[in-house]
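*Asks:* From first to last, the protein sequence lines stand for chains A and B. Residue 85 in the working numbering sits at position 85 of the first sequence, and the numbers go up by one each step. Residue 24 in the working numbering sits at position 24 of the second sequence, and the numbers go up by one each step.
Read the hints as simulated data drawn from the structure, not as lab findings. Keep in mind that a hint or two might mislead.
Any copy, or any two copies together, can satisfy a pair, since identical chains are not distinguished.
[Said to hold, decoys possible] Keeping only pairs whose Cα atoms sit at most 20 Å apart, straight-line, the calculated SDA-like set for lysine to any residue is:
#, residue 1, residue 2
1, 223, 182
2, 223, 128
3, 223, 372
4, 223, 366
5, 332, 219
6, 23, 366
Number of protein chains: 2
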Amino acid sequence: MADIDPTRFLADLNALRKIGEFKTGVHRPTYTPDDMESRRWLMDRMREVGLDAEMDGIGNVLGRHAGGGPRLLVGSHIETQNEAGWLDGALGVLAGLALARAGLAVDVVAFADEEGHYGSFLGSRSMIGEVSEAEIDAAAHNQDGKPLRQALREAGLEGLPRLRLDPARYRGFLELHIEQGTQLENAGLRSGVVTGIVGIRYFRIIVVGQQDHTGGTTMAERKDAAVAAMRVLHLIDERFPMHVDERTVWTCGRIVLEPNAPHVIAGRAEMIFQFRDISEAVMERLEALLHRIVAEVDRRDRCSITVERLGHSAPALADPVLHAGLVEAAKKRANGQWQPMPSGAIHDAQHVAKIMPMAMLFTPSIGGISHHWAEDTKEEDLVLALHILADAAEDCLSR
Amino acid sequence: MADIDPTRFLADLNALRKIGEFKTGVHRPTYTPDDMESRRWLMDRMREVGLDAEMDGIGNVLGRHAGGGPRLLVGSHIETQNEAGWLDGALGVLAGLALARAGLAVDVVAFADEEGHYGSFLGSRSMIGEVSEAEIDAAAHNQDGKPLRQALREAGLEGLPRLRLDPARYRGFLELHIEQGTQLENAGLRSGVVTGIVGIRYFRIIVVGQQDHTGGTTMAERKDAAVAAMRVLHLIDERFPMHVDERTVWTCGRIVLEPNAPHVIAGRAEMIFQFRDISEAVMERLEALLHRIVAEVDRRDRCSITVERLGHSAPALADPVLHAGLVEAAKKRANGQWQPMPSGAIHDAQHVAKIMPMAMLFTPSIGGISHHWAEDTKEEDLVLALHILADAAEDCLSR
């Protein structure tokens with residue numbers, strides 16, 4: 001068995017936590033000085049365990065294992081959301097480092113900007129060949145609008161080549177991540193073996209009514225966009241439950257009325273609506289249902305209502321062999337204390353899965369807290385996850 | 001019959017329109033230099049027609065008729081909403097001036113800040129004794145926060161006494177105003193005799209749920225504030241129609257989700273909801289219904305929902321005698337081209353009605369446009385309204 005060093009693994013996590021420390025969490029947005037320091041720190045650690053470390057032109061850090069034979073890719077990301085947690089991303093990268101330190105034939109990767117400060121999974125999508133130079137030209141910071149090119153230049157990354165993953169080099173990709181939910185905690189479990197990453201489809205629903213004075217306009221005359229928007233959401237609330245699977249989720253997180261004034265009938269409403277499921281078939285069914293609901297309210301109401309798909313990502317199922325390896329390891333290390341489960345959040349693994357087998361392991365999030373500095377996981381659960389991951393990697397590499 | 005001069009009336013309206021002109025409308029927010037210039041312009045016009053003009057410590061302009069005997073108070077306001085119409089308010093004030101010019105025993109009034117830049121009907125409420133010095137101390141501009149005291153000082157009003165209306169001096173108050181709706185236009189009518197001004201009750205509904213990641217949180221775990229808010233609005237939409245009168249209106253013009261992000265379950269929702277009716281009994285019934293709806297969703301849903309009344313105004317019915325005078329005049333001047341109707345908007349007349357008889361007359365708004373520079377009314381309708389108002393005033397004063 002691989003000689004895993006959990007003490008050193010926890011020490012690495014705590015050392016990385018110091019870079020950009022914020023309360024009990026960290027603040028390391030992509031390409032900031034603290035983020036770049038953490039990438040250089042990671043390269044030093046990779047070299048200490050014998051990996052050939054390289055940072056590429058978009059900030060990805062890849063540590064290559066020197067030996068021949070079958071290899072695994074293990075990792076995640078190390079930048080964070082603003083004032084966020086110490087484990088989100090870092091856990092998966094430093095778990096990979098711990099496996100490499102134990103002598104397992106793994107390359108370790110830290111994908112850049114998983115957290116989307118400048119784009120959507122720029123690092124992992126770049127490594128599978130999905131990010132064009134034109135996309136980089138057009139990208140900018142999601143809050144302050146700083147061009148990505150400028151950020152890359154300031155980070156010293158301009159002119160560096162962008163690395164591509166060679167699927168022939170790997171048996172697959174493993175990512176350990178915090179759950180970012182309360183499924184495991186609520187079930188009293190210590191580990192989750194991911195069956196797949198859900199797909200997302202999200203939509204903009206626009207209602208056009210007529211802005212009017214609330215006093216001077218009778219109910220019969222009104223074209224109240226807020227009312228029509230509410231009717232769409234009501235039909236979704238009423239009908240979606242009959243057409244979903246057990247773990248489907250659907251959400252309207254954003255509603256914007258115009259002018260959104262207490263004494264003015266809304267002339268326009270915009271909603272962003274999304275659903276997530278592990279099955280493309282379920283998502284096809286729901287998209288058709290959404291269109292029927294919008295068409296029905298559009299026909300009945302005096303407002304005009306349209307829906308457009310803003311984006312989507314396909315579900316990614318875990319590779320059966322890698323998944324089975326994690327399941328066997330979980331049974332051995334934590335029998336009765338783990339469960340199979342889908343990932344409701346998107347991860348780099350979803351993109352890597354387009355070119356090689358993928359599997360993921362979840363460790364509980366205390367109170368489900370995520371993207372907040374208070375994010376945390378019990379040390380014994382972190383160590384358990386590391387052992388499960390190492391066992392599964394060893395099993396895969398030994399076949 | 002009084003010797004009404006419609007040409008001079010229209011000329012006055014067009015002259016006043018030049019002060020703070022904006023496109024085809026005007027921009028004269030309360031206490032701005034343009035607003036103060038318009039008040040001084042009005043005092044000059046009042047003096048020309050023999051009125052004793054005075055501006056008071058909150059900006060009200062009152063032109064007193066010199067003779068004895070029965071008198072009427074006629075007027076409205078002359079400041080405007082931002083980039084708003086040329087007739088809203090100005091019409092009622094300059095109609096009063098036209099009546100005085102024709103020799104009718106009227107005092108003319110322009111109440112300050114009807115449009116609420118600094119408060120709620122500051123001028124008319126001050127003239128009936130409802131505005132304390134403490135309220136003035138606390139008031140500030142609704143957008144930039146400038147203290148009312150500072151605005152009064154800069155406008156040169158500091159230290160002036162505030163005028164009070166003496167109900168014993170008047171047979172009543174007449175206000176001519178644009179409709180600010182499309183009732184008259186849609187019915188093909190040219191004038192509306194107001195039966196009363198509706199009351200308003202408005203409420204803040206607060207939903208407290210739990211902010212969560214849309215991917216990691218199952219439907220069974222969620223406390224989605226947007227869903228609970230929608231359920232409240234749905235029940236209002238479903239049940240209010242069974243409990244209202246013909247002209248009741250109810251509106252949710254403002255919805256604010258927190259954090260209002262596409263991929264985050266809303267942790268909080270705030271709605272401003274209001275209804276208006278001419279009958280206190282109807283409003284009592286609706287307020288009780290609203291509380292039942294909120295209590296029902298609060299009980300059924302996992303979110304916590306509360307409602308609080310933010311404000312209200314009581315309905316004000318037109319005085320039967322003054323109203324009958326306007327009806328008779330409308331029959332004579334525009335038989336078959338007028339209707340009785342409630343005012344869905346609030347006007348200074350609602351406050352003046354607390355101390356003396358009140359009646360109002362509406363003239364059509366083209367396309368119902370209000371609080372926008374494109375607001376307009378046909379000249380022949382303006383002149384018709386002036387004649388109806390003059391006939392009614394003459395009838396009242398001759399009794």
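*Asks:* Classify it for me, residue 223 with residue 372: is the Cα-Cα distance of at most 20 Å met within a copy, between copies, both or neither?
*Replies:* Classified as between: cross-chain Cα gap 19 Å, same-chain 41 Å, threshold 20 Å.
*Asks:* Given a CA cutoff of 20 Å, do residue 23 and residue 366 count as a within-copy pair, a between-copy pair, both, or neither?
*Replies:* For residue 23 and residue 366, only the intra-copy Cα distance (17 Å) is at most 20 Å; the inter-copy one is 60 Å.
*Asks:* From the Cα coordinates, with 20 Å as the cut-off, is the pair residue 223 and residue 182 best called within, between, both, or neither?
*Replies:* between (42 Å within a copy, 13 Å between copies)
*Asks:* Have a look at residue 223 and residue 366 and pick one of within, between, both or neither, based on CA distance no larger than 20 Å.
*Replies:* between (46 Å within a copy, 18 Å between copies)
*Asks:* Checking an output row: residue 223 and residue 128, CA cutoff 20 Å. Within, between, both or neither?
*Replies:* neither (49 Å within a copy, 38 Å between copies)
*Asks:* Between copies, within a copy, both or neither: which fits residue 332 and residue 219 at Cα up to 20 Å?
*Replies:* Close neither inside one copy (66 Å) nor across copies (32 Å); limit 20 Å.
The earlier numbered hints that this structure contradicts are 2 and 5.
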